[in-house]
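> Make a model of the complete structure from these sequences and hints.
Protein chains in written order, with UniProt numbering: chain A, 1 to 369; chain B, 1 to 369; chain C, 1 to 369.
Hints in this document: simulated from the structure, not taken from any laboratory.
Backbone N, C-alpha and C fix where the C-beta goes; we use that ideal spot for every residue, glycine too.
Misleading hints may appear alongside valid ones.
Claimed, not checked - Going by beta-carbon spacing under 10 Å, a handful of chain A positions derived as facing chain C:
#1 Ser66
#2 Pro151
#3 Gly207
#4 Tyr259
#5 Gly264
Claimed, not checked - Here are the simulated EDC-like pairs of lysine to aspartate or glutamate, each with C-alpha atoms no more than 20 Å apart in a straight line:
#6 A:Lys316 - C:Asp163
#7 B:Lys183 - C:Asp288
#8 C:Lys183 - A:Glu222
#9 C:Lys329 - B:Glu319
#10 B:Lys183 - C:Glu222
#11 A:Lys183 - B:Asp258
#12 C:Lys183 - A:Asp203
#13 A:Lys183 - B:Asp203
#14 B:Lys329 - C:Glu323
#15 B:Lys183 - C:Asp258
#16 C:Lys183 - A:Asp258
#17 B:Lys183 - C:Asp201
#18 B:Lys329 - A:Glu323
#19 B:Lys329 - A:Asp332
#20 A:Lys329 - C:Glu323
#21 C:Lys316 - A:Glu319
#22 B:Lys329 - C:Asp332
#23 A:Lys112 - C:Asp102
#24 C:Lys316 - B:Glu323
#25 C:Lys316 - A:Glu323
#26 B:Lys316 - A:Glu319
#27 C:Lys316 - B:Asp306
#28 A:Lys329 - B:Asp332
#29 A:Lys316 - C:Asp288
#30 A:Lys183 - B:Asp201
#31 C:Lys112 - B:Asp102
#32 B:Lys329 - C:Glu336
#33 C:Lys329 - B:Asp332
#34 A:Lys329 - B:Glu336
#35 B:Lys112 - A:Asp102
#36 C:Lys183 - A:Glu319
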Amino acid sequence: MGIRLDEIAQMVGGTLHGDGALICGGTNPPDQATPTEITMLVGPNPSANLASSKAMAVLCAERIDSDPRPQIIVADPRAAFATVVSHFRPPIPVSLPGVGVDSSAAIANSAKVHPTATVCAGVTIGERTLVMPNVVIMPGCTIGDDCVLYPGVTLYEYSSLGDRVILHAGTVIGAQGFGYRQKNGRHLPSAQLGYVRIDSDVDVGAGVTIDRGSYGATRIGEGTKIDNQVMIAHNCQIGRHNLICSQVGIAGSCRTGDYVILAGQVGLKDHITLGDHTIVGAKAGVMDDCQGHQVYLGSPAMPQRDQMQIFAIERKLPEMRRELRTLRKRLDAMTEQLADGEPEPGASEPGASEQRETASDRGDAERAA
Amino acid sequence: MGIRLDEIAQMVGGTLHGDGALICGGTNPPDQATPTEITMLVGPNPSANLASSKAMAVLCAERIDSDPRPQIIVADPRAAFATVVSHFRPPIPVSLPGVGVDSSAAIANSAKVHPTATVCAGVTIGERTLVMPNVVIMPGCTIGDDCVLYPGVTLYEYSSLGDRVILHAGTVIGAQGFGYRQKNGRHLPSAQLGYVRIDSDVDVGAGVTIDRGSYGATRIGEGTKIDNQVMIAHNCQIGRHNLICSQVGIAGSCRTGDYVILAGQVGLKDHITLGDHTIVGAKAGVMDDCQGHQVYLGSPAMPQRDQMQIFAIERKLPEMRRELRTLRKRLDAMTEQLADGEPEPGASEPGASEQRETASDRGDAERAA
Amino acid sequence: MGIRLDEIAQMVGGTLHGDGALICGGTNPPDQATPTEITMLVGPNPSANLASSKAMAVLCAERIDSDPRPQIIVADPRAAFATVVSHFRPPIPVSLPGVGVDSSAAIANSAKVHPTATVCAGVTIGERTLVMPNVVIMPGCTIGDDCVLYPGVTLYEYSSLGDRVILHAGTVIGAQGFGYRQKNGRHLPSAQLGYVRIDSDVDVGAGVTIDRGSYGATRIGEGTKIDNQVMIAHNCQIGRHNLICSQVGIAGSCRTGDYVILAGQVGLKDHITLGDHTIVGAKAGVMDDCQGHQVYLGSPAMPQRDQMQIFAIERKLPEMRRELRTLRKRLDAMTEQLADGEPEPGASEPGASEQRETASDRGDAERAA
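Dropping the structure here:
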């Protein structure tokens with residue numbers, strides 16, 4: 001399945017700088033690429049992504065002198081990358097599967113597939129795995145040993161499960177990510193050529209959706225447990241032994257460390273990173289990266305200590321407002337008292353403040369009307 | 001299928017004012033009715049809804065002199081309207097479908113239906129449309145050309161899809177809306193006689209639910225894209241080219257303009273309207289109508305600029321509270337200083353204020369206990 | 001099916017105090033046990049739970065002298081209870097069902113089951129109940145009269161439905177609850193030996209998930225209506241005639257009274273109780289018990305009146321902050337004025353306050369950076 005770098009250069013019509021005889025074994029985004037894979041560089045600061053990447057080679061728009069790796073220079077690295085991705089994982093045209101198990105599927109002897117399930121071309125299923133009624137497994141999926149796919153689960157093409165993975169009823173793995181670009185007033189889907197990789201010992205609840213990556217994998221780390229109705233968007237890299245409670249929504253390209261806990265209905269903004277042992281309280285909305293070994297609460301989420309203090313003071317806001325009014329009145333009285341004794345220039349200030357508040361109150365009323 | 005207005009009056013036992021020979025072609029709520037359809041008026045201010053309606057005629061409880069259209073006066077317009085709706089779109093009793101494709105279904109030659117799918121009476125399916133395993137299409141549905149219905153999709157009766165509509169796995173279109181009225185301590189379902197209409201070029205993610213209208217259509221406009229696990233309630237009118245992100249919930253009878261964007265986990269209160277190009281940030285809860293071409297954040301949602309300012313100040317609340325205490329102490333000291341110089345009546349005020357705060361603090365403690 | 005208490009003591013290797021000839025008819029947690037059932041005591045204050053329980057006997061770690069009921073003393077009451085639970089409701093090994101209706105299922109004559117549905121061993125289905133395409137009913141489920149199970153519904157083992165229960169498409173009843181304990185850095189599932197009991201006249205929307213109890217039932221009370229995409233976790237006891245709107249999430253072991261209303265996207269923390277006629281507004285996050293006959297809003301949720309006042313003041317926070325600054329400046333000016341008249345020691349205070357604010361501002365900036 002490997003291919004020479006000079007063949008890749010030819011395939012994408014690019015200029016190769018480096019050893020063309022090197023064999024490339026696959027494709028991945030910079031942060032996921034292994035030392036036998038090629039990656040691509042796009043975005044505002046491409047070379048920063050390259051420095052921390054393990055990729056063997058890179059598709060880019062301009063020569064990057066600071067990096068010694070082989071480089072293939074192309075006009076549109078994204079399009080060229082899609083071409084190479086498609087070489088290694090050919091896009092499967094949407095088509096109607098046959099009934100039951102396709103003849104090209106490799107099902108272990110001890111695995112059991114219900115007669116109402118649909119297993120498409122090129123699927124492999126490991127020992128003792130159970131495929132329950134009405135499960136649909138699209139082409140190119142690989143499923144390990146001792147997995148259980150409960151009724152009505154759907155795996156889109158190229159989804160990959162480790163061993164002892166449990167998917168509860170109605171869960172959908174590998175649907176297209178929600179990515180569009182606008183052209184002439186219409187939303188056109190961006191490339192969704194990736195797949196979902198779920199490592200061993202992951203439990204996934206009922207009614208969960210995990211979307212495929214754009215080019216590489218959306219990945220769920222070993223031992224992570226996911227509750228019902230969770231949504232994990234394209235390109236997320238979920239760590240090991242996470243606990244993700246019900247109705248959590250994780251937007252695209254997020255990363256969590258190990259032993260992260262997300263309580264019910266938490267939302268994560270796209271492209272953020274949560275360190276190991278981060279805990280996020282129920283209903284919190286996380287808008288920024290979170291350091292590990294801390295608890296975050298609220299929306300926008302803050303460290304627990306800060307947020308608890310703010311929650312407590314919010315409950316005292318009516319009192320604070322009354323106190324503020326009392327202070328102003330006392331100050332007005334004192335100003336008057338001092339003015340009576342000796343005239344001073346600041347005496348007109350209270351009136352001005354009064355006026356400002358009145359204007360502001362009117363503004364609020366208008367907004368509410 | 002058309003019917004004369006005097007026949008409708010007879011059907012509902014009402015009194016017709018106007019030309020009974022006019023042919024009525026269908027039914028719809030006031031805001032959706034076309035010039036060949038009859039509508040009904042209920043609610044606190046019925047004639048206001050009529051003014052902006054294009055309906056050819058109206059069912060109402062009292063004669064509305066200000067409107068020149070034919071009117072049929074009945075005791076219970078809602079019940080009468082349900083009768084007329086049922087004439088045009090006869091309610092289908094819940095019953096068990098047969099296996100596979102019903103003989104009365106009209107499937108285009110180039111369409112493909114999986115043998116495990118269920119296609120009920122009177123369904124039409126357009127050219128090149130794919131119906132994947134375990135899809136269920138209930139009676140009276142119409143599906144355009146080049147649609148893809150992924151595994152496990154369910155369409156309830158009379159659902160209607162344009163061309164190039166994609167429904168991902170497990171999505172449910174047209175279930176009964178969540179409407180009940182209470183009688184003798186029990187919740188009785190209100191009429192859910194409508195349907196769902198999804199226009200062309202709409203993508204719908206996995207695990208989405210869109211409920212049918214009460215009398216007319218819940219409608220999704222052309223080109224709109226809907227992410228996984230979105231909920232759209234009965235009677236909503238979603239505009240064209242919207243982007244509705246994952247886990248958004250839209251309560252009943254909402255309206256969105258064109259090019260509206262709702263970020264993840266947003267909630268919309270029932271019966272609100274969002275103008276064209278409205279953007280609502282993640283997790284926001286929209287409680288009021290929103291003007292278009294603006295960004296809204298927070299819950300309750302506010303224009304971005306106001307909300308960002310409030311978020312920033314909320315982070316400074318502990319500091320504000322400290323400042324407030326410092327000011328009070330300084331004022332107390334100054335009051336005392338002035339009192340030392342010359343006795344004045346306001347000197348007892350600080351003590352009173354102190355006492356008030358103490359009482360308030362005790363109230364908080366009791367509430368927390 | 002009954003068993004003597006001395007037989008139970010022998011089964012779990014415990015010491016019985018009380019009448020061994022009494023017949024025990026089943027098992028349940030303390031708050032659900034009937035006078036013919038045995039329960040168990042664990043937790044920080046076990047005897048408190050016992051006082052209000054109707055159980056006939058109890059498994060516990062130490063003799064409770066204050067309670068006259070028969071007691072079986074064991075080293076690990078939880079494990080012993082699991083053993084007794086398994087006697088009455090033997091765990092069903094996960095295995096592949098046959099095709100169609102199992103020969104041991106008892107289907108009423110007037111009930112109708114679609115040929116694509118799967119009905120497992122020991123299932124009973126009442127009169128006139130409809131089981132739509134692709135429904136899966138696992139072993140030991142009992143379904144009453146006049147129920148409708150829409151396409152793709154899955155009932156896990158031992159689920160139990162009353163009469164006139166409607167389950168819309170894609171809903172999953174009885175999946176394992178989300179309970180894990182950590183051991184050697186891995187999450188191990190805790191016992192999920194219970195089931196789901198849905199009483200009569202309950203409607204459940206599309207895409208809902210209700211998890212089974214740990215030992216006893218997750219229960220939905222008579223006449224309650226549940227909208228689409230609701231999640232109800234293990235051990236919840238939902239009251240009668242509740243209205244639970246779309247995308248509500250209820251964490252484990254919550255209890256609601258009768259006529260409770262939860263608006264869209266509400267979240268309930270685990271182990272809380274809502275009194276009869278509690279109303280919770282959209283998107284609220286309930287963190288504490290709620291007294292009945294009240295409306296709660298916000299997150300963390302508060303009584304409506306308090307929360308509305310706080311929402312209103314939050315909108316005025318920018319103004320309050322300006323007012324605070326104005327007051328400080330006036331006070332500074334006054335302090336200076338007084339100092340000019342006669343020197344006083346407090347004159348250095350404003351500077352100190354200024355410095356403190358500056359430090360605090362820097363802290364905020366660092367956090368934002």
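> Could you work out which of the previously given hints the structure breaks and list their numbers from low to high?
Result: hints 1, 6, 7 and 36 break, sorted rising.
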